[in-house]
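Visitor: Given next are the chains, with one letter for each unit.
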Amino acid sequence: MRIGNGDQVADYKIRVEHLNLQYSDGKESLRDINLDILANTITVLFGPAGGGKSSLLRVFNRLNDLADVKLISGSVLLDDMDILDPKLNVITLRRRVGMVFARPIVLPMSIRSNLTYSLELTGEKRASVLDEAVESSLKQAALWDEVKDRLSEAAVSLSGGQQQRLCLARSLVLKPEVILLDEPTSGLDPISTGKVEETLQELKKVYTIVLVPHSVQQAARVSDFAAFFLQGELIEKGNGKELFINPKDKRTEDYIMGRFG
Amino acid sequence: MINGFKEIYKNPNSSTSRKIKQKFGFSLIGFATLITVIPIIAIVLYIFIKGISAISWDFLTTFPTDGVKAGGIYPAIVGTIYLTIFTAIFSVPLGIGAAIYLSEYAPDNRWTRAIRIAIINLAGIPSVVYGLFGLGMFVIFFKLGTSILAGSITLSIMTLPVIISTAEEALRAVPQSFRVISISVGATRWQTIRRIVLPQSLPGIMTGVILGLERAVGETAPILFTAAVFFLPRLPSSPLDPTMALPYHLYVISTQVPGMPVEIQYGTALVLILFVLSLNLIASIIRSRARAHRQW
Amino acid sequence: MQMTKKWNEFFLNWLIKISGYSAIIFVILIFYFLLREGLPAIGEVSISNLFSVRWYPIEDYFGLLPLIAGSIIVTIGAALFAIPIGLCAAIFISEVSPRWARDILKPLVEVLGGIPSVVLGFIGILILAPYLRQLLDLPTGLSALAGSILLGGLAIPTIVSVAEDALDSVPRSYRDGALALGATEWQTIWRVTFPAARSGVLTAIMLGIGRAIGETMAVMMVTGNAAVLPIKLNSLFLPVRTMTATIAAEMGEVAKDSTHYHVLFLIGVLLFVISLGINIAASTTMFQQRKRAERILS
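Protein sequence lines, in the order shown, are assigned to chains C, D and B.
Here the first sequence stands for residues 1 to 261, numbered as in this note's numbering.
Here the second sequence stands for residues 262 to 557, numbered as in this note's numbering.
Here the third sequence stands for residues 558 to 855, numbered as in this note's numbering.
There could be a bad hint or two in this list.
Non-contacting residues of chain B with respect to chain D, defined by C-beta distances greater than 12 Å in every case (computed) [said to hold, decoys possible]:
1. GLY600
2. ILE615
3. SER756
What follows is a list of derived Cβ distance ranges for each label pair [unchecked claim]:
4. HIS554(D) <-> THR841(B): 35 to 43 Å
5. ILE582(B) <-> GLU146(C): 22 to 30 Å
6. GLU524(D) <-> ILE661(B): 26 to 34 Å
7. TRP571(B) <-> GLU524(D): 50 to 58 Å
8. GLY834(B) <-> SER539(D): 31 to 39 Å
9. LEU736(B) <-> ILE310(D): 41 to 49 Å
10. LYS87(C) <-> THR842(B): 39 to 47 Å
11. ILE661(B) <-> ILE310(D): 21 to 29 Å
12. ILE599(B) <-> VAL523(D): 43 to 51 Å
13. GLU566(B) <-> PHE292(D): 40 to 48 Å
14. LYS248(C) <-> LEU736(B): 53 to 61 Å
15. THR841(B) <-> LYS248(C): 53 to 61 Å
16. ASN89(C) <-> ILE661(B): 51 to 59 Å
It should be emphasised that the hints constitute simulated quantities derived from the structure, not laboratory data.
None of the values given here were measured: they were computed from a predicted structure.
Glycine included, each C-beta is placed from N, C-alpha and C at the ideal position.
Just chain C, same shape as in the assembly (with noise of 0.2 Å):
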């Protein structure tokens, strides 16, 4: 979706309007969320525990059907297609929006196998096609020098740090256009985190990310737009660089000032 106002002109990807979401346990439930997210950039959503970050996120690939949901309502459109439609096909929504989780599970094979598995549960055999892939993917996601002579091997033989690359790979294969990633470092050393975190600001050049970090400072460094999340309310949302260094309500402020957590 294109919105054009004179010279500034922004590329909507996800548009989130008056979203309601809960689920039948009560918990991470969402209260008339509005949040769009624009084409290319890193929006990162924070705030504590239980928030309703994560259950957002699992909107967007409508993830949360897995989950007991006892109501929502609103509406949230990737481009034109209605997210929330019941007679969507969310296959194809996952492959236009990939995931991923914050603890790296690798799929019992191989490596080459791990980023297979979507692209042959579409029916493609062709091994000229998966070799691509495979090799695109992982360059993509930094990963590729460093397994290109072993993918046949098992995943789980990676170390943490490579297994998460692995699964960031695995995200790219379908070529989507969204990107989730649900607290992505959290397992993982400062210097795995770091790779990661520079391979995102690469991959904003083709894809729109949405990302959960584990701290306020990884929000602080990588977002583009930021939105603030307090037990299932945006309280505040705003250009990434501004909102970390003069936040406008003060919850968010005492939140980034660690005065809780």
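Starting from the known structure of chain C, arrange chains D and B on it as the hints suggest.
Guide: Same frame as chain C, but now just chains D and B:
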């Protein structure tokens, strides 16, 4: 020891008393364990010793002669193999399918609980009642007659609970995170099962199948009225033929045949035990190899 | 391509659902066919006959009581034998024995459970019965006692396996807490671990008893098959007939659709209902305990 009893009498709760009671208690239950374990080992060894003299290539590959008082038990061995194969054909797909349903599809409601209760019930039905059921439904109603088919279908229903419960456990052991990842890259539920869950749980499922078949091999009552006959001059030529079978053969020659040579009885028992034990061994090997090679 | 995929998936999901419900279907089928051949007996034989104490089908005596009593006495005997020994062995294996011993004993017990009952019956005839006859100076060793011992031997592996699993799954923290308070291991076992595994142990016992009641071959081979009412005190040492043995022994000789035939099926119905009752009781205690545990632990 006498001092021990004196101490317990005087100060029942002193730390010395408690230690003595503990020693006594441990010996008691250790003894119980020995009673549990030793007789069976003794029985197996005894059968081995007394029966090994009867085992020969002829014994395993020729037909009985002189009534059944001499010769071999070939048709009984073959019959048991046939029955086992057909039981596997019926119970394995059905059992695995049911396990997949319970582990991957079934909602947590009254109907699912009913299924589980039904499975527990199937497991508890006496084997001879299965024989009656097989007689009533397959031999008579479906007019299969006394046949391998009737016997195996009966055996497979009896084996179903074992296969379903072990298979379900194996499926549930696969980490939920794999399923979530698979779904998040656009797989359907069945694709996830076929490509990840099933292959990863296969060793556990196979162990359950083998253990279930091991029980089917040794059962007599279900095949009494549905498949087994005492003597056949020829091997069965189709699944609609009746057959001889090892457990039934052992039963008959140890209770109904006067003048039956004892070595042949022991020999038959030995062959049956070896059959069962080797299946057990295969299952254990599969289980330990799977544990070693697991990638999670 | 997408369309056929969708249809395939739909068909498969449907197959899987049917497999899931097959257990219920089979239970219903079994009950139906048992009733089909067994209910006519109620019409053909008077109730007073069925409740009489003579089982002599050749002369139209169809008293079920001696058979029922036979099953009861053998099962009780087996239970008295198997439950204490089985539970003690389970406790030993799971709580007392060192790691290396456990790794041998546990698979060994599983193998025990796999021994076919006909083999045990075989040993019973050739060894146990003559031994009992000698030891206790009986006319024949084939008796309720022999049956109880064999049934107990068959039930013990089941009891041990299930109870051992239950004891093993008691959280470590329970034991550690008791030991930290100064209890000996023995006291910990009996006052903490064992009670905590109560429901699993109960399940183990019920499953073991269930196996004993349903056992056919071993019992048939060693209980002597005399359908007399075991009411005297020394009946334990005399031949006796169980319900299961009766069916197995006489089914081969009856004419189809004769009264005898129907009565045998009726006994089958009785056995089915009894095992149903035990299993429902076992599962309700299991489900109840689980719910209670979930409430306490949440």
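Visitor: So the hint says 50 to 58 Å: do the beta-carbon atoms of TRP571(B) and GLU524(D) match that?
Guide: Hint holds: Cβ distance 55 Å, inside 50 to 58 Å.
Visitor: If I claimed the Cβ atoms of LEU736(B) and ILE310(D) lie 41 to 49 Å apart, would that claim hold in this structure?
Guide: 46 Å, holds
Visitor: Could you check that no beta carbon of chain D comes within 12 Å of the beta carbon of GLY600(B)?
Guide: 17 Å, holds
Visitor: Evaluate the given range 51 to 59 Å for the C-beta pair formed by ASN89(C) and ILE661(B).
Guide: Hint holds: Cβ distance 56 Å, inside 51 to 59 Å.
Visitor: Verify the CB-CB distance for GLY834(B) and SER539(D) against the hinted window 31 to 39 Å.
Guide: With Cβ atoms ~37 Å apart, the hint holds.
Visitor: Could you check the hint for me, namely that LYS248(C) and LEU736(B) are 53 to 61 Å apart, CB to CB?
Guide: Check passed, 57 Å falls within 53 to 61 Å.
Visitor: Looking only at beta-carbon atoms, does the pair LYS87(C), THR842(B) fall within the given range of 39 to 47 Å?
Guide: 45 Å, holds
Visitor: Honestly, do GLU524(D) and ILE661(B) meet the 26 to 34 Å range at C-beta?
Guide: Between GLU524(D) and ILE661(B), where Cβ atoms are some 32 Å apart, the hint holds.
Visitor: Indicate whether the distance between the beta carbons of ILE661(B) and ILE310(D) respects the range 21 to 29 Å.
Guide: At 22 Å between Cβs, range holds.
Visitor: Does the no-contact call for SER756(B) survive, Cβ to all of chain D over 12 Å?
Guide: Correct as stated: the minimum Cβ-Cβ distance to chain D is 14 Å, above 12 Å.
Visitor: Beyond 12 Å from every Cβ of chain D: is that where the Cβ of ILE615(B) lies?
Guide: Label holds. Min Cβ-Cβ 19 Å, cutoff 12 Å.
Visitor: Is the gap between the beta carbons of THR841(B) and LYS248(C) within 53 to 61 Å?
Guide: 60 Å Cβ-Cβ, so the 53 to 61 Å window holds.
In terms of the numbered hints stated before, the structure departs from hints 5 and 13, listed from lowest to highest.
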